[in-house]
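Line order of the protein sequences matches chains G and E.
Once you know that position 74 of the first sequence is 74 in my numbering, the rest is easy, because the numbers rise by one and skip nothing.
Just so we're on the same page, my numbering is the position in the second sequence counted from 1, plus 132.
Heads up, none of these hints are tricks.
Taking lysine to any residue and the SDA-like style, the derived pairs with C-alpha atoms no more than 25 Å apart in a straight line are:
#1 E:Lys-230 to G:Ile-43
#2 G:Lys-20 to G:Ile-114
#3 E:Lys-254 to G:Phe-66
No wet-lab data here; the hints were simulated from the structure.
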Amino acid sequence: MANADLKANRPLSPHLQIYKPIMTMVMSILHRITGAALYFGTILMAFWLICAAAGPESYQFAMDVFGSFLGRLVLFGFTWALVHHMIGGLRHFIWDMGYGFELSAANWMARATIAGSVALTVILWIIGFIVA
Amino acid sequence: MTDMRTPLGKVRGLGSAKDGTSHFWRQRLTAVANVFLISFFVVLVIALQGADYASFTEALKNPIISTLLLLVILVGCLHMKLGMQVIIEDYFHSEGRKLLLLIGNTFFASFIALASVVAVLKISFGG
Numbered sequence: 001m002a003n004a005d006l007k008a009n010r011p012l013s014p015h016l017q018i019y020k021p022i023m024t025m026v027m028s029i030l031h032r033i034t035g036a037a038l039y040f041g042t043i044l045m046a047f048w049l050i051c052a053a054a055g056p057e058s059y060q061f062a063m064d065v066f067g068s069f070l071g072r073l074v075l076f077g078f079t080w081a082l083v084h085h086m087i088g089g090l091r092h093f094i095w096d097m098g099y100g101f102e103l104s105a106a107n108w109m110a111r112a113t114i115a116g117s118v119a120l121t122v123i124l125w126i127i128g129f130i131v132a
Numbered sequence: 133m134t135d136m137r138t139p140l141g142k143v144r145g146l147g148s149a150k151d152g153t154s155h156f157w158r159q160r161l162t163a164v165a166n167v168f169l170i171s172f173f174v175v176l177v178i179a180l181q182g183a184d185y186a187s188f189t190e191a192l193k194n195p196i197i198s199t200l201l202l203l204v205i206l207v208g209c210l211h212m213k214l215g216m217q218v219i220i221e222d223y224f225h226s227e228g229r230k231l232l233l234l235i236g237n238t239f240f241a242s243f244i245a246l247a248s249v250v251a252v253l254k255i256s257f258g259g
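Modelling step: build the complete structure from the supplied sequences, incorporating the hints.
And the structure:
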């Protein structure tokens with residue numbers, strides 16, 4: 001293989017774009033996407049804490065930013081990403097312990113992940129509005 | 133293909149990254165901790181929503197709350213650093229760019245973690 005012509009027009013094996021997305025595939029990539037989103041979302045957490053540490057005026061500024069329509073929208077997305085990534089993580093724990101590899105179980109858990117994350121996010125926000 | 137390495141060699145060599153399963157294990161360990169810590173964080177944020185400055189700082193002066201919040205920050209940032217490392221290693225194949233991103237990943241996670249820790253400590257010590 002050392003002298004193989006890598007630039008020649010060689011056949012390629014089928015890749016992502018050739019397959020119809022299925023539930024387990026979508027949940028797999030969503031786990032990664034939500035993880036990456038939460039990674040950058042920590043900027044918001046740091047912003048919140050640093051503003052609070054800087055004094056009352058900057059704390060109020062952070063509160064106004066998060067309380068605005070756009071701020072709430074971002075926090076709603078943040079909540080969903082957090083909940084989804086956590087439920088996806090619980091699914092990984094089940095696999096780590098050697099369970100849930102049957103097709104029916106994997107499909108069931110994939111559906112439960114998305115349904116659970118959306119439901120729990122809405123419930124958390126309802127609780128948030130009730131206690132406000 | 134037959135594996136020619138002895139069990140002792142496998143243990144000593146720890147694989148091509150010389151790291152063994154430590155990355156995997158830390159990822160899972162921080163994940164287990166995060167199930168509890170992030171649940172606490174969500175409850176805390178809901179409880180503190182719209183709080184005025186005085187009640188916010190009073191909450192963070194509680195040593196249990198500030199300790200748990202510090203754990204949220206540190207364990208969370210370690211978990212996300214490990215996770216982003218895997219993403220970078222999966223998608224970036226040129227050595228230079230990969231190394232640059234891996235360094236940036238460590239810098240970013242360290243900065244977010246330490247900046248947040250300093251902020252929490254400043255509030256909880258009453259600065």
